[in-house]
Structures are given as C-alpha cells and as structure tokens.
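**Q** Given the coordinates of chain L, work out where chain S should sit on it, guided by the hints.
These are the residues of each chain, in order.
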Amino acid sequence: MCLAIPGQIVELAGGGHFATVEVSKVRRTINVDLLEGEPLAEGDWVLIHVGFAMSRISAEYAAEQLRLLAMLGEDRQAMAELDGYRFGDEPRSKISQKLSTTEDMRTPRKDPGEV
Amino acid sequence: MSAVSPVVASLVNVMKYVDEFRNPQLIRQASDEIRRLADPARHYRIMEVCGGHTHAIYRFALADLLPQNLELVHGPGCPVCVLPMGRIDEGLSLVEEHHAIVTTFGDVMRVPGRHGSPLERKARGADIRMVYSPLDALKVARQEPDRHVVFFAIGFETTAPSTALTLRRARELGVTNFSVFSNHVTIVPAIRAILDSPDMRLDAFIGPGHVSTVIGGRPYAFIARDYRKPVVISGFEPLDLLQSIVMILRQLRDGRSEVENQYNRVVPWDGNLPALRVLADVFELRPYFEWRGLGFISQSALKLRAEYARWDAEARFAMPGVRVTDPKAAQCGEVLKGVLKPHECKLFGTECTPERPVGALMVSSEGACAAYFSYVHRRGQSLAQQTTS
Chain L
755 MCLAIPGQIV ELAGGGHFAT VEVSKVRRTI NVDLLEGEPL AEGDWVLIHV GFAMSRISAE
815 YAAEQLRLLA MLGEDRQAMA ELDGYRFGDE PRSKISQKLS TTEDMRTPRK DPGEV
Chain S
55 MSAVSPVVAS LVNVMKYVDE FRNPQLIRQA SDEIRRLADP ARHYRIMEVC GGHTHAIYRF
115 ALADLLPQNL ELVHGPGCPV CVLPMGRIDE GLSLVEEHHA IVTTFGDVMR VPGRHGSPLE
175 RKARGADIRM VYSPLDALKV ARQEPDRHVV FFAIGFETTA PSTALTLRRA RELGVTNFSV
235 FSNHVTIVPA IRAILDSPDM RLDAFIGPGH VSTVIGGRPY AFIARDYRKP VVISGFEPLD
295 LLQSIVMILR QLRDGRSEVE NQYNRVVPWD GNLPALRVLA DVFELRPYFE WRGLGFISQS
355 ALKLRAEYAR WDAEARFAMP GVRVTDPKAA QCGEVLKGVL KPHECKLFGT ECTPERPVGA
415 LMVSSEGACA AYFSYVHRRG QSLAQQTTS
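Protein sequence lines, in the order shown, are assigned to chains L and S. The first sequence begins at 755 in my numbering and counts up one residue at a time. The second sequence begins at 55 in my numbering and counts up one residue at a time.
Chain L with its partners taken away, still in its complex shape (with noise of 0.2 Å):
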C-alpha cells in the first residue's frame, strides 16, 4: 500500500504538472504537483507513490530502495504498478498545446516572480 518506487525522470512536460519517469526501460507518465518548488531536471530521481512524485532523492539511495524491494519481494508489484499507471495515455491537448514553446519544456516552473 506505501509503496514507493523509485524512478528517474527523463522528461518534465510543459505546464509543470506531469513528468515521465523511467524504472527498469518501462517509461510512464507521472504527476509531480506534490514536488511544487523544487528544481526538478531530467536525470533526477523520485520516489513514486500510486502515480505522484513524493520526493525528490538521491540517485544513491534510488539504487538503494530499488535493492530494497527486491529485498522485500515486492519488486514486481512495483513494476505492475507502475506499468499500471493509465492517466499518461490520455490525450494531452492543453499540455500538449502548452508544449510548444520549449523554454516551457527547459524551465518547467520557474515563476516569473522567482528567480
């Protein structure tokens, strides 16, 4: 039920409230509302919770939980779970529309306000 996975982020899509993730070559879409305020990159890695970033972790201790599920035998179900995830499917229109302009994609959610 608290199971969390970790993942690697391999792209921040425009509107800053989804990402894709990576764990094991399965990709997904996740939502990272819940990391609002942090500096998210591509290459960072986070701990996934039934389809949202929880926080932000160390790539160190990404390996480390990764280990620790195979530890626990719920490998698997994490896998399943996050091969699960449907919501990325749907068609994207108003992110997709919000898209276009890449400095969106590159400063996924920096305020004007905010330097």
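These are computed hints drawn from the structure, not numbers from a lab.
On the chain S side, residues computed to face chain L include the following (Cβ under 10 Å):
id, residue
1, His109
2, Leu192
3, Val194
4, Gly209
5, Thr217
6, Leu219
7, Gly263
8, Val268
9, Phe290
10, Pro292
11, Val321
12, Pro322
13, Val332
A virtual CB, placed ideally from N, CA and C, is assigned to each residue, including glycine.
**A** For chain S alone, coordinates are given in the frame of chain L:
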C-alpha cells in the same frame, strides 16, 4: 528424525539474511550495540507504527537479531487492516444501488466484505475495477461519461494528497460523473488512542517513514512531551530499523524522550508543504471514525470539504453508515492492538490464510498476519520438511 530446534532454525535464518544484507558488518555492529544498550533487568516494548516496517521486520527476521527482552509490537499502520468491514460493504453497494463503477487499489480488492471481497464480487459480474492511481480512476470517469465512477479511497497521509490532487483536477476539468468514497485516515490520533489505551504498555515508537515525508516530525512531538516516550522516524532497510532501535535505547538509557529522524535522507522535518496545503484545501477532519480493532477515534479520518460535496460519494448518495461486526472467531482486533501475536489467533494458518483471508490483517503484505504467515510460518514448515525428508 527430529525437527530442527527453534534456536538452530533461527540461527540458520539469521545467517541467511545477514549475508543478504548490503552491509552485514554494520548490521552486526548495530545488533551488538542494541544488546549492549538493552538493560537485562527491563522488558522493552517498542511499537513500529507502519505496516511497511512490519513487513520488513518479518522479511529480514530482525527479531532474531534482537535480545529476548526487546519486543517489537506491530502497530495500526496498514490501511486495509484498520478499515471496518462495513465500509467495504457500503462502498460496494454503490455498484448495485446506483449502477456506479467502483474503482480501487489492489489491496482493497482482496479485503473480505460480508458478501465477498471486491474481487469475488467482480467475478460475479459487479463492475469493480482495480486502479494503481486515483488519476486512473478519474480517467475511467472521463472515458465513461454516461456512468458514475467512484474511487474507493484508502490510505494514510502518504496517499491522501494524491486523492486530494485528483479531486482538484476533477474540479478543474469539470468532470462531474466522478466521486470519492473517502476512507483516508490519519496516523497521529491512532497513536494517541493507543497511548491512552489501558492495556497498551509501550516504551517507544518507531515512527512511520513515508507518512512522515508528508507530515514531517512535528506532529509526533506530543508523544515525547506529554507521554514521555521516544519516537524515532525510521527508514525501511534492516540497518535503518536497527539504528532506530539503537537511537531509542539511547534515549531510554539517558531518560530522554524526543522525536528523532533516522530517515532524514527522505523525511524533511517540516514535511511536504504542497502536500499539506492540498490536504487542507480538499479535506477536513471527521468528528470521529471507526477503526477496526481500535474502535471509534475522534478526528482520525478525512472527509471532503463542502466545496467538494459534488465529488463526495457520501454526500451525493445516501450512505447510511453500515456497521458490520467482524467474524466472531477472528481476533484481528487483539492482534492489531498488539495484545495477541498473529499465530495466537484461533483462525491463523487454518481458516485464515493469505489465499483465503478471513481478516484484513491476512490480506496486505503490510498486515502483521500475512507477514508472519509468509516469513515465519512457511519458513518453519519448510525447515521442518527439510529435516524430516
């Protein structure tokens, strides 16, 4: 041919698991330190609140690395385990009575209700669908605009922000054929109830890991201040748990009671502010809520705020609040409170198994009974077979 004695069996297992650990040397050091710190004249009872910790403790046979006079008591931090059966029945009644599609997490699918588990009722034709994320439940609603889709929400503060964000998104997108049946609970009132319970004598708490990423360390302060019990927020690795026990024993030795954070590589002291904000925007505390095994606990669960009434299954549909008594022979309540060990329940391993669970503690891998069955009971059986064959 005689069976292996329990001591030999446990030694064999300790060796097996210690070798598997990433840092066997550090594990041995922590275990030695625990033995050094534990006063042989005392009996220690430490509660691990979180079901994920319970699972790890059994999986890694950590009890074998602890002195005899240090007992780990399994806490209420397994969401499906503390859900009263009436809530299952009530959530599923929406399928028949309102022709709704009910969506929920895999753990809930196997929890027995009075008329079968969601999985069994699905096999009999009820439109109940397993999802991995509340956002997937919302997606079902958008794909089936002519049906009403209910998300049977469950979980502690780790999971509740995800439901809250999904509700916010439903509102933004104007999806009105979607609602949430909230069974979200909060851990701190349950800890308080346990502390106030006369049959619970505990010395300290191993604080939950992922719940604390959301709520941080502050909400536990009253445990240290008012009840004078140490709390150490812990990670899930065997070494994390042993180090947390070392930190607890040091506090007890020094007569201190503080909230310490062993898991600070993930848990910020202030918690996750965006998560706390969205929780406060979408949810409010119920005056009281029933917990299986613990009874009614005031201000221990979350309901949707009036602004979200349109998406609140309990506000949209007449849900009378069904109460169902647990099967009499099952002693889930005593096990949940730590009064009984899993194998001391009359149904354990015979009528109640992970394949055919009677009580919810046997359903989830985080439930004490399922964890005990998988790692202690089966292990004992296979050892016995090895030695008699």
